[in-house]
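Undergrad: Sequence:
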Amino acid sequence: GTFLNGKIHIGDKTFGGGRAGEGSSTGITEDLVAKGFEAGRLKTGTPPRVDAKSLDFSKMVEQPGDEEPSKFSYLKTTKPLVEQRSCFMSYTSREVHDLLREGFQKSPMYTGRIQGTGPRYCPSIEDKIDRFSSKERHQLFIEPEGWNTTEIYVNGFSTSLPHEVQFKALRKVAGFENVKFLRFGYAIEYDFFAPTQLRPSLETKRIENLFFAGQINGTTGYEEAAAQGLMAGINAAMKVKGGDPFILKRDEAYIGVLIDDLITKGTDEPYRMFTSRAEYRTLLRQDNADLRLTPRSHAIGLASQERMDSSLIVLEIRFC
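At the far end of the sequence shown sits residue 321, using our numbering, and the numbering has no gaps.
I should point out that these hints are in silico values taken from the structure, not numbers from a laboratory.
Be careful, since some hints might not be right.
Said to hold, decoys possible - The calculated DSS-like cross-link candidates involving lysine-lysine, where the alpha carbons are at most 30 Å apart (straight line), are: (1) 129 x 266; (2) 54 x 240; (3) 107 x 72; (4) 242 x 206; (5) 242 x 36; (6) 266 x 206; (7) 129 x 14; (8) 129 x 54; (9) 136 x 173; (10) 242 x 54; (11) 169 x 60; (12) 60 x 173; (13) 14 x 181; (14) 206 x 240; (15) 129 x 169; (16) 240 x 250; (17) 14 x 60; (18) 169 x 136; (19) 14 x 107; (20) 36 x 240; (21) 136 x 60; (22) 77 x 54; (23) 250 x 77; (24) 181 x 169; (25) 181 x 54; (26) 169 x 14; (27) 250 x 266; (28) 36 x 107; (29) 14 x 250; (30) 173 x 107; (31) 181 x 107; (32) 250 x 206; (33) 181 x 129.
Work out the full structure: start from the sequences and follow the hints.
TA: As structure tokens, then:
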């Protein structure tokens, strides 16, 4: 993740940390560099978390879920999603932008204290109002963090501005007039290793039996990191068992595109997966993922015979 020599930036304050409230991991990068690995520096950011009880949702636009939510699996073991929580949408304004600009002189993005490259497609609110200065407002997506919490993720307001600037600016957003902060937004710099140093199995070329997965390989987190973790785990197990590496090709899965891009092209910014990166994207669809990958999974012992039989029944229904 973001723990390797992690450095958190909030306004003119900088301190070590892997994420809020947790220390960074030190020494690992230096040991690997001493072994000949090439390391680099990346950056990401996160928005404030606020208390839902302090928000006025009547001033926002509700974004309900689908009336009939689609499932990620065709298996019959999952139940229909009956109860859902809505997200909401609000907007910044010229007044909000002016308040944010007041903190630019203390922003680590503009003082040069942040050297790492950030994700191209997740700009901070500072970046958005600076690069798109003609826009009078930007969308904010108000997302509940879970069923048993009042914590809200203010998507679209990623920032590393000083606490007082975040507080004053967000209070001018419709519905946030009485907002209570649970955690302020911040930026974080961290180490990564050039993914061209990896084999297709995600095993490192320099050290046998060492596998890398996640943001350490220069990707963004979440889906990209989870996909790599799955593949690295499979291949570590296959290595222990004396089996062949499990490699998905570019025409088989987006995971195949992701890993092939990383190990052949490398990256100098946090890599994110898009359908446009796949030349076989018309074949790589959510409605045939089970048919593409269940046989591969069954062949190495991950998918059960019952699941394989179920997939064959689905195949017969769809194409016969």
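Undergrad: Hint by hint, say whether it matches the structure.
TA: Status of each hint after checking the structure:
A hinted pair counts as satisfied when its Cα atoms are at most 30 Å apart, and residue 129 with residue 266 qualifies at roughly 29 Å. Between residue 54 and residue 240 the alpha-carbon distance is near 51 Å, which puts this suggested pair outside the 30 Å criterion. Under the criterion of a C-alpha separation no larger than 30 Å, the hint pairing residue 107 with residue 72 is inconsistent with the structure, at around 45 Å. The straight-line distance between the Cα atoms of residue 242 and residue 206 is roughly 19 Å, inside the 30 Å bound, and the hint therefore holds.
Proximity of residue 242 to residue 36 is assessed by CA-CA distance (about 27 Å); at most 30 Å being required, the pair is judged to hold. Only pairs whose Cα atoms come within 30 Å are accepted, and residue 266 paired with residue 206 is accepted, the gap being roughly 16 Å. Of the supplied pair hints, the one linking residue 129 and residue 14 holds, its CA atoms being roughly 22 Å apart against a limit of 30 Å. Simply put, residue 129 and residue 54 have alpha-carbon atoms about 28 Å apart, close enough for the 30 Å limit, and the pair holds.
For the suggested pair residue 136 and residue 173, the alpha carbons sit about 17 Å apart, so the restraint of at most 30 Å is met. This hinted pair does not check out: residue 242 and residue 54 have alpha carbons roughly 52 Å apart, beyond 30 Å. Between the alpha carbons of residue 169 and residue 60 the distance comes to roughly 18 Å, so the proposed pair stays at or under 30 Å and holds. Only pairs whose Cα atoms come within 30 Å are accepted, and residue 60 paired with residue 173 is accepted, the gap being roughly 12 Å.
A threshold of 30 Å between alpha carbons decides the hint, and for residue 14 with residue 181 the separation of about 22 Å falls inside it, so the pair holds. Of the pairs offered as hints, the one joining residue 206 and residue 240 holds, with about 14 Å between alpha carbons and a cut-off of 30 Å not exceeded. Restraint check: the Cα-Cα separation between residue 129 and residue 169 comes to about 18 Å, which is no more than 30 Å; the hinted pair holds. At most 30 Å may separate the alpha-carbon atoms for a hinted pair to count; residue 240 and residue 250 meet this at roughly 19 Å.
Only pairs whose Cα atoms come within 30 Å are accepted, and residue 14 paired with residue 60 is rejected, the gap being roughly 34 Å. Using a Cα cut-off of 30 Å, the hinted pair residue 169 and residue 136 holds, with the two alpha carbons roughly 20 Å apart. The straight-line distance between the Cα atoms of residue 14 and residue 107 is roughly 9 Å, inside the 30 Å bound, and the hint therefore holds. As the CA atoms of residue 36 and residue 240 are separated by approximately 22 Å, the hinted pair is consistent with the 30 Å bound.
Of the pairs offered as hints, the one joining residue 136 and residue 60 holds, with about 21 Å between alpha carbons and a cut-off of 30 Å not exceeded. Distance hint between residue 77 and residue 54 is unfulfilled; the C-alpha atoms sit about 37 Å from each other, more than 30 Å. Note on residue 250 and residue 77: the hinted pairing holds, with a Cα-Cα distance of about 29 Å set against a maximum of 30 Å. Under the criterion of a C-alpha separation no larger than 30 Å, the hint pairing residue 181 with residue 169 is consistent with the structure, at around 11 Å.
Our distance criterion of 30 Å between C-alpha atoms is met by residue 181 and residue 54, whose separation comes to about 8 Å. Taking the CA atoms of residue 169 and residue 14, the gap is about 18 Å. The hint holds against a cut of 30 Å. A C-alpha spacing of about 15 Å is found between residue 250 and residue 266, which places the hinted pair at or below 30 Å, so the restraint holds. Pair hint residue 36 plus residue 107 does not hold up; C-alpha atoms about 38 Å apart against a cutoff of 30 Å.
Proximity of residue 14 to residue 250 is assessed by CA-CA distance (about 45 Å); at most 30 Å being required, the pair is judged violated. Distance restraint check for residue 173 and residue 107: the Cα-Cα separation of roughly 20 Å lies within the 30 Å cut-off, and the hinted pair is therefore satisfied. With a C-alpha separation of about 23 Å, the suggested pairing of residue 181 with residue 107 holds against the 30 Å cut-off. Only pairs whose Cα atoms come within 30 Å are accepted, and residue 250 paired with residue 206 is accepted, the gap being roughly 20 Å.
Only pairs whose Cα atoms come within 30 Å are accepted, and residue 181 paired with residue 129 is accepted, the gap being roughly 24 Å.
The structure does not agree with the numbered hints 2, 3, 10, 17, 22, 28, 29 stated previously, though it agrees with the rest.
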